[in-house]
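Student: Each chain is listed here by its residues.
There are 2 protein chains.
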Amino acid sequence: MAELDAPLDKVMKPKPVTVNAFDDQEVVAKKIGKYNLLAVPVLEADGSVVGFVTVDDVIDVLIEEGTEDFLRMAAVEPGALDKPYMETALPLMIRKRAGWLVILFLGEMLTATAMGFFEKEIEKAVVLALFVPLIHFVRGNSGSQASTLVIRALALGEVTLRDWWRVMRREVLSGLGLGLILGTIGFLRITAWSAFSTIYGVHWLLVALTVGIALIGIVLWGTLAGSMLPFLLRRLGFDPATSSALFVATLVDVTGLLIYFSVAVLFLRGTLL
Amino acid sequence: MAELDAPLDKVMKPKPVTVNAFDDQEVVAKKIGKYNLLAVPVLEADGSVVGFVTVDDVIDVLIEEGTEDFLRMAAVEPGALDKPYMETALPLMIRKRAGWLVILFLGEMLTATAMGFFEKEIEKAVVLALFVPLIHFVRGNSGSQASTLVIRALALGEVTLRDWWRVMRREVLSGLGLGLILGTIGFLRITAWSAFSTIYGVHWLLVALTVGIALIGIVLWGTLAGSMLPFLLRRLGFDPATSSALFVATLVDVTGLLIYFSVAVLFLRGTLL
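Protein chains in written order, with this note's numbering: chain S, 1 to 273; chain H, 1 to 273.
Bound conformation, chain S alone (with noise of 0.2 Å):
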């Protein structure tokens, strides 16, 4: 009998949706959002029942969870300022806010380091460091782009940790793809310029060739290492939705800088260098 009652068991009575003690927020918001359940039991590990979630505690949670994370991007860690903005005491506000803007910006002086490495090639090429703002800039929007995409799909369990390759294919040709636009966007502003204005000197069109491959170089490093970062982050324990991916970023913008005056040497050896 207890034979033929097993799989009958399974067919009529589905397993009971539950919470462990130990789990974690997001998993019991997420599995009441799934089954649209107004509350859940919390078992122990031994199965007993210690207590209820109800559906408005994940509401608020969900709440506090989504501005909490706007906070860690933003290099602002939330637990310090559980207090209104308003009623937070100012000096506590700025400690708390100068904790990662100073770790970040230490990361960042690394930047000054490596354009030192540069500082002949500047001289002979003032042009060149006209566009050192434009390229930090590309690197740093192109990254963020493709860690917040990457980390949006890990959140809402669209890929796993095991998809890291695919992934990277993806944004490899994702980056390429955006690097040829905005490389070209840039090719042809200076051209442009070049017709009125003789700021980019009589070397113009190598200028714009040089900055124009840098482009898509650094679009593709940045899109290639802000897609990839998320799953490094978290295959080492860390969550991806914190400031110390902002911190590993300021170490890619040396990187950046790095491949846009190698660029800028190929190209310009023998005419501007």
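One should not assume that every hint holds.
Where chains are identical, the list cannot tell them apart; a pair therefore holds if satisfied intra-copy or between any two copies.
DSBU-like cross-link-like pairs, simulated, lysine-lysine; straight-line CA separation at most 35 Å [claimed, not checked]:
hint	residue 1	residue 2
1	K120	K96
2	K96	K83
3	K83	K120
4	K83	K31
5	K96	K31
6	K96	K124
7	K124	K31
8	K124	K83
Hints are computed from structural coordinates only; laboratory data are not their basis.
Given chain S, put chain H in place with the hints provided.
Tutor: For chain H alone, coordinates are given in the frame of chain S:
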């Protein structure tokens, strides 16, 4: 009798919580969350009930909105990517990511124009160029930190549009505090480095002073612009948590560079310049 009834009626029978058919999703979510309701009736303008919003609808909206805001802050238009990451066709993915990236890129190109005004200064003092990425980075991060805090405070109802003046006073003081911290670190770093290296030349102390003072000004400016921008966008009817905020940020980048080079001209005229 009617006169006596009225106040008693107000005390005893609380006004039922309802929402209007034209209410924003977020308004409905907040109301349900605030009163811990399981469902609210939806009223037409004439007061007739047209339906109900249940608590699990609200959870779905919150999860969706939370991830959408993330995308917007990273310059991806969320409506475009309804499908999961892996299922979005690559050409569509590139086109949707290129949209805002190109707009921001066009704005950021103004930095090359701004740098062009100081080509002569950079030629005379190449050392100035070395700190451009750092200056750029500090402007961006202090700005996004302030923006995020203010957007969150506005979203949670901790401050209203009319508080802009009080927020500005707080952010000027925060910006000065943060600027002093980063400016001091920048000054000390250049000073310390000059003990071992000649990279900053014989006028290293003046260079350290220039970068230090410029950092104070730029953090203050970034913080001020970053905190006031959400008020301005909200006042003009835009959602501050969108890519349009990023676009204005690129314009603030240009002014950041102008501050840096203006401080440099002020401090280095007669020596390096």
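Student: I want to check one pair: K83 and K120. Are their C-alpha atoms no more than 35 Å apart within a copy, between two copies, both, or neither?
Tutor: neither (51 Å within a copy, 50 Å between copies)
Student: With identical chains treated as interchangeable, where does the CA-CA distance between K83 and K31 reach 35 Å or less: within a copy, between copies, both, or neither?
Tutor: For K83 and K31, both the intra-copy (29 Å) and inter-copy (21 Å) Cα distances are at most 35 Å.
Student: Indicate which option fits the pair K96, K31 if close means a Cα-Cα distance not exceeding 35 Å: within, between, both or neither.
Tutor: both (34 Å within a copy, 31 Å between copies)
Student: If the cutoff is 35 Å on CA atoms, where do K96 and K83 land: within, between, both or neither? Let me know, please.
Tutor: Cα proximity of K96 and K83: one copy only (13 Å, versus 38 Å across).
Student: Check K124 against K31 for me: Cα-Cα at most 35 Å, and say if that holds within a copy, between copies, both or neither.
Tutor: neither (62 Å within a copy, 63 Å between copies)
Student: For K124 and K83, with the copy left unspecified, which applies at a CA distance of at most 35 Å: within, between, both, or neither?
Tutor: Neither: 54 Å inside a copy, 50 Å across copies.
Student: Check K96 against K124 for me: Cα-Cα at most 35 Å, and say if that holds within a copy, between copies, both or neither.
Tutor: For K96 and K124, neither the intra-copy (43 Å) nor the inter-copy (40 Å) Cα distance is at most 35 Å.
Student: Tell me, please, which holds for K120 and K96 at an alpha-carbon limit of 35 Å: within, between, both or neither?
Tutor: neither (40 Å within a copy, 40 Å between copies)
In this structure, the earlier hints numbered 1, 3, 6, 7 and 8 are contradicted, and the remaining ones agree with it.
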